[in-house]
Amino acid sequence: MAVQMLTAQRSVPSRRVMLVAAGALALAALVPLSQIGAPDYSGLAANQVVEMHTSRLPVASLDELTKHSDAVVLGRVVASGAVHFIQAEGQKPAALQPDARLAGLAKAKDAAGIAAAPRSDTGILTPPKGIPVTDFTVQISQVLNGSLVQGSTITVSQPGGQITLPSPKGSTAPTLVRTLVAEHDPQMVVGQEQVLFLQRSSDGTFHVTGGPDGRFSLDARRTLKPTDENTTLGASLKGQTLARLVQNVNSIKAGGTAQ
Amino acid sequence: MHVRSLLSVRARGLALAGMMLLATVVAPLAADAHFMGWPNGKHAYSGSGLLYLNYSRNCSGTFYGAAGDAAYGWNATPTPVWFQEGSVNACNGAVWNGWIDTYSYNNASDWAWGWAQAYALDTICDVYIWPFGCISSHQQLDPRWDETYAAGTIMVNTAKATGSNYFLLVGDVTHEMGHNLGLAHAGYYNGESTGYYSIMDYLNWSYNRPQQHDINDVNALY
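Protein chains in written order, with the working numbering: chain U, 1 to 259; chain W, 1001 to 1222.
Simulated from the structure, these hints should not be mistaken for laboratory data.
The structure presented is a predicted model; accordingly, all values stated were derived computationally and were not measured.
Yeah, the Cβ is synthetic: ideal placement off N, Cα and C, and Gly gets one too.
Be careful, since some hints might not be right.
Stated by the list, open to error - Beyond 10 Å from chain U on every Cβ pair, some chain W residues (computed):
#1 Cys-1059
#2 Asn-1106
#3 Ser-1164
#4 Glu-1192
#5 Tyr-1207
What the hints assert, rightly or not - Taking CB as the label site, the calculated pair distances span:
#6 W:Pro-1131 x U:Thr-122: 55 to 65 Å
#7 W:Ala-1044 x U:Ser-202: 22 to 32 Å
#8 U:Ala-108 x W:Ser-1206: 35 to 45 Å
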């Protein structure tokens, strides 16, 4: 009797509702099923650090570094700002002037008759143009030389930065992000305190004199650790105390020489 | 007999040391030390004949002559490398599939003389539905050094070109072209012996042509 009462009270879904529910379940199951065998972009999509390879004439001496700098400070990076790009000159392309010397060489290497292929980027997405540069906000902990003010903040621009590669509308593939970094000149990091030899740019911002040549970390004993230890300058200043550096910089600025 | 034996050991030791030194300086080192992205970081090459690389210099401004000399310098090496000159129709820094383009920029604030970047061509599926597979995809030039190079750019800083340093300008472009071939910086800082022997040594500006070390590296890569 009790069993019969319970059965009578339960509402039985109609056949139509059951069909709709089954259809919905089937569709929901199809969503993950539709991705069976889908390409895995986890590696490609990860923000990869890519070195931009450079050439530079290293700064030869502390004398040269100091004379080319408007200020020398101990500064802490407090923020990483916008990325902008150094653009190509944009001049009118020069007319092609084939190198006459190549004819003989081409014959010797059996390269005669090969012409450069026509250009086409149809259907190919290309990265942003130019050399990325990141603006960092640096708070001055100590003015070692020059007219900057302790405690103030300045903008220091450094080549390198994060770029986003374009992707077509409607794409479900992950957007690719790359962090381009200048070789031998690792990106500044927020919180990092460094000795910076600075040049003032025409727009009032600063950049580091000689790139990696003008940037030094300090170790626990407050001695210099050059960003690029391979150069003559880097090797000569490695391990020098901050006090000694200040003394030398002031001496050079006053027309003397480093001791 | 005893003395002769000692001398022999010494002579063999010296010979071995000499060979090791020679191997370090002249012959290519093991793989990754010399190259940008071993083993895939290079241009596609069939393994025989010349490696034709389309390049342009008609947007390199005051580096125009130097870029031509740099290409000539690489072409003159006993390697498969052949830079084939073409032109680009706008000096805007664009990356073109199948081309290595040289663009000038003028920036006195930039410490670099030149920049090189290679690009791989990724094919990316935008919409994938099983069991039909990828129903929409696109291709993308991706700045990286560790996959087959489909394109390259060389940016040269005309603020560094003073007119009296042509030798350095040629060396600059030759060096950057070396990167675009897949060669990394060479020198003691990269696990090699001391001394100047490579156009890829970033601290050495006494050369402006590829050296034997660089020729060996290119021939090891291609």
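Quiz item: Per the hint of 55 to 65 Å, is the separation of the Cβ atoms of W:Pro-1131 and U:Thr-122 within bounds?
Solution: Between W:Pro-1131 and U:Thr-122, where Cβ atoms are some 30 Å apart, the hint is violated.
Quiz item: Would you say W:Ser-1164 is clear of chain U, with no C-beta pair closer than or equal to 10 Å?
Solution: Since the minimum Cβ distance to chain U is about 14 Å, W:Ser-1164 lies beyond 10 Å and the statement holds.
Quiz prompt | Given as non-interface: W:Asn-1106, partner chain U, CB spacing beyond 10 Å | solution = 6 Å, violated
Quiz item: Is 22 to 32 Å right for how far apart the beta carbons of W:Ala-1044 and U:Ser-202 are?
Solution: 44 Å, violated
Quiz item: Would the least Cβ to Cβ distance between W:Tyr-1207 and chain U come out above 10 Å?
Solution: Non-interface label stands for W:Tyr-1207: nearest chain U Cβ at 12 Å, farther than 10 Å.
Self-check item: 10 Å cut-off, C-beta based - W:Cys-1059 kept clear of every residue in chain U
Solution: 5 Å, violated
Quiz item: Measuring from beta carbon to beta carbon, are U:Ala-108 and W:Ser-1206 in 35 to 45 Å?
Solution: 27 Å, violated
Quiz item: Was W:Glu-1192 rightly flagged as not at the interface, with every chain U Cβ beyond 10 Å?
Solution: It holds; W:Glu-1192 is separated from chain U by about 12 Å at its closest Cβ, greater than 10 Å.
Violated hints, in rising order: 1, 2, 6, 7, 8; the structure is consistent with all others.
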